[in-house]
Amino acid sequence: MGLFSFIKEAGEKLFGGKDANAATPADDLNAKAAQAIATYINAQNLGVSNLQVTYDGSQGKVTVTGVAPTQGAKEKVTLCCGNVSSVTSVDNQMSVTHPEPEAQYHDVVRGDTLSAIAKKYYGDANKYPAIFEANKPMLSHPDKIYPGQKLRIPAL
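Numbering follows the UniProt record's numbering, with no gaps: position 153 of the sequence shown is 153.
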């Protein structure tokens, strides 16, 4: 799947703030961040087994291993990791139980809507539910996307 790049300032705020102070060793912060990301992934109920997450705060890089039941679940894990504030890249080394073709990705920019994205990739704005479903449970509503977010665009 390769290394995916993300915008550092965009995304869920899972760690940092008051815990990210100079008195705390970097290894402890990295371990706490990795645990927060793993907890977030597990909360999405993607069916991943043997999940291992590491975080390198100096590079903003997450590395994730484990077994995903589908290619879609593997891609959602990448998005769970990358759409977190302070993460700039994700190295997804997971294996897939039932391989499928990989999806395309779209970086949300100001003014984007799921309908406009569907029109761009599918030629039909009314196919936006396919994009919404492909990004659930990270998306809770079709109107709640934000600039800097990366979305899966599955083949129809």
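Fair warning: there could be bad hints in the mix.
[Stated by the list, open to error] Derived lysine-lysine pairs resembling DSBU-like cross-links, with alpha carbons at most 30 Å apart:
1. 150 with 32
2. 119 with 144
3. 144 with 127
4. 61 with 150
5. 61 with 127
6. 127 with 150
7. 136 with 61
8. 136 with 150
9. 120 with 144
10. 32 with 127
11. 150 with 119
12. 120 with 136
13. 136 with 119
14. 150 with 120
15. 119 with 32
16. 61 with 32
If you're looking for bench data, these hints aren't it; they were derived computationally from the structure.
Here is how each hint holds up against the structure:
1. 150 with 32: holds (24 Å)
2. 119 with 144: holds (18 Å)
3. 144 with 127: OK: residue 144 and residue 127 at ~17 Å, within 30 Å.
4. 61 with 150: At roughly 16 Å apart (the allowed maximum being 30 Å), residue 150 and residue 61 satisfy the hint.
5. 61 with 127: Violated, at about 33 Å.
6. 127 with 150: Since the Cα atoms of residue 127 and residue 150 sit roughly 18 Å apart, the hinted pair holds (cutoff 30 Å).
7. 136 with 61: holds (23 Å)
8. 136 with 150: holds (13 Å)
9. 120 with 144: Holds. Residue 120 to residue 144 sits at ~19 Å (cutoff 30 Å).
10. 32 with 127: violated (39 Å)
11. 150 with 119: holds (17 Å)
12. 120 with 136: holds (20 Å)
13. 136 with 119: holds (20 Å)
14. 150 with 120: holds (15 Å)
15. 119 with 32: violated (40 Å)
16. 61 with 32: holds (14 Å)
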